[in-house]
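Engineer: Sequence:
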Amino acid sequence: MNTSILPELRARLPRLSRAAARVARLALAQPGEVARMTIGEIARAAEVSEPTVIRFCRALGHAGWPDFKVRLAASLMAGVPYVHSSLRPDESVAGLTGKVFDNAVSALLRVRDALDPAALEAAIDLLARARRIEFYGVGNSGIVAADAQHKFFRYDLAVAAYADSHIQAMAASLLGPADALVAISHSGRSRELLEAAGLARANGCPLVAITASGTPLAELATLHLRADTQEDTALYSPMISRLAHLAIIDVLALGVALRRGDQASRVLEKTKKSLLGKRRP
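Sequential numbering from 1 applies to the sequence shown in UniProt numbering.
Honestly, the hints are just simulated from the structure, not real lab data. A portion of the hints provided could be inaccurate.
Stated by the list, open to error - Pairs of lysine to aspartate or glutamate residues, derived as EDC-like cross-links and limited to a Cα-Cα distance of at most 20 Å, are as follows: (1) Lys-151 with Glu-121; (2) Lys-151 with Asp-250; (3) Lys-151 with Asp-179; (4) Lys-151 with Asp-125.
To be verified - Taking CB as the label site, the calculated pair distances span: (5) Gly-198 with Gly-139: 46 to 56 Å; (6) Ser-165 with Leu-13: 47 to 57 Å; (7) Arg-131 with Leu-13: 27 to 37 Å; (8) Ser-165 with Ala-94: 26 to 36 Å; (9) Pro-14 with Arg-259: 46 to 56 Å; (10) Val-251 with Arg-18: 17 to 27 Å; (11) Leu-28 with Asn-203: 23 to 33 Å; (12) Lys-278 with Arg-18: 53 to 63 Å; (13) Ser-165 with Glu-91: 35 to 45 Å; (14) His-166 with Leu-96: 32 to 42 Å.
Note that the Cβ used here is the ideal one computed from N, Cα and C, for glycine as well.
Between the sequences and the hints, there should be enough to build the whole structure, so can you do that?
Structural biologist: The following block contains the structure:
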């Protein structure tokens with residue numbers, strides 16, 4: 001399905017009622033702002049009633065305002081494919097802010113909707129029962145791996161994160177069926193990461209890959225968590241993909257915490273208490 005609703009909205013505009021057309025014109029003129037509004041806010045801004053907003057959404061084939069907002073936010077991604085490459089040399093701070101945040105929000109929504117709940121469930125189960133969990137990433141993905149270690153070790157789990165390819169290869173050779181490896185990569189084509197992941201898989205270690213679809217890393221994985229983002233990382237520093245990967249790591253960490261129940265709560269409380277003296281009153 002085409003994720004862009006804006007061309008459709010322009011085409012339908014002449015056939016909408018006068019009140020519904022007000023909502024449509026507002027969405028076309030300020031899509032970023034409208035995608036963040038509540039139904040009450042959009043009704044006031046368009047000077048229509050809330051039921052009119054709902055009828056407008058249903059006329060376009062949506063269940064209601066939340067459903068329309070998701071499609072509208074996704075449309076922003078099509079209009080601003082790459083955050084950095086879309087910026088003009090004379091871009092204002094307001095324009096910069098809008099493009100960065102709008103692109104991030106729409107990309108996160110796209111990744112969320114593309115994730116397979118069954119794969120997430122299986123990955124959480126795998127990590128919750130693993131003897132040892134290791135997170136691998138190179139470059140910017142190494143930062144995500146370090147963040148994952150920071151989240152997971154607080155559950156009193158045996159966790160490590162490696163960004164150096166030599167250490168990844170050595171560590172992967174020691175992993176086995178009772179362990180779990182989470183490999184993080186936007187491109188899914190890093191030779192060093194694929195080599196380490198291959199060593200772990202050869203030892204029977206399950207591999208959870210957080211990467212784009214159709215990549216060598218995705219094909220190698222036991223479980224693939226799709227993170228498809230429109231981002232030219234050959235020329236620009238990856239930002240959107242990093243946000244998507246961090247969000248997926250959060251889902252996994254919270255899922256493992258729920259699996260561990262009271263045990264996780266007790267450990268987190270203990271770690272929180274250890275930091276009480278680190279902050280000034």
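Engineer: Next step is simple, just say for each hint if it's right about the structure.
Structural biologist: Okay, the hints, checked on the actual structure:
Between Lys-151 and Glu-121, the direct Cα distance comes to roughly 18 Å. Compliance with the 20 Å bound is thereby established for this hinted pair. About 8 Å separates the Cα atoms of Lys-151 and Asp-250, which keeps this hinted pair within 20 Å; it holds. Straight-line distance between C-alpha atoms of Lys-151 and Asp-179 comes to about 18 Å, which keeps the hinted pair within the 20 Å bound. For the hint linking Lys-151 to Asp-125, the alpha-carbon distance of about 17 Å falls within 20 Å, and the restraint holds.
In this structure the hint that Gly-198 and Gly-139 lie 46 to 56 Å apart at CB is violated, the actual value being about 19 Å. For the pair Ser-165 and Leu-13, the beta carbons lie near 54 Å from each other, so the given range of 47 to 57 Å is met. With their beta carbons about 59 Å apart, Arg-131 and Leu-13 fall outside the hinted range of 27 to 37 Å. With their beta carbons about 42 Å apart, Ser-165 and Ala-94 fall outside the hinted range of 26 to 36 Å.
Take Pro-14 and Arg-259: their Cβ atoms lie about 54 Å apart, and the range 46 to 56 Å holds. The beta-carbon spacing between Val-251 and Arg-18, approximately 44 Å, falls outside the hinted interval of 17 to 27 Å. For Leu-28 and Asn-203, the Cβ-Cβ distance of about 55 Å falls outside the hinted range of 23 to 33 Å, so the restraint is violated. Range check, Lys-278 to Arg-18: about 60 Å between beta-carbon atoms, so the 53 to 63 Å window is met.
Roughly 37 Å separates the CB atoms of Ser-165 and Glu-91, a value that falls within the hinted 35 to 45 Å. With their beta carbons about 39 Å apart, His-166 and Leu-96 fall inside the hinted range of 32 to 42 Å.
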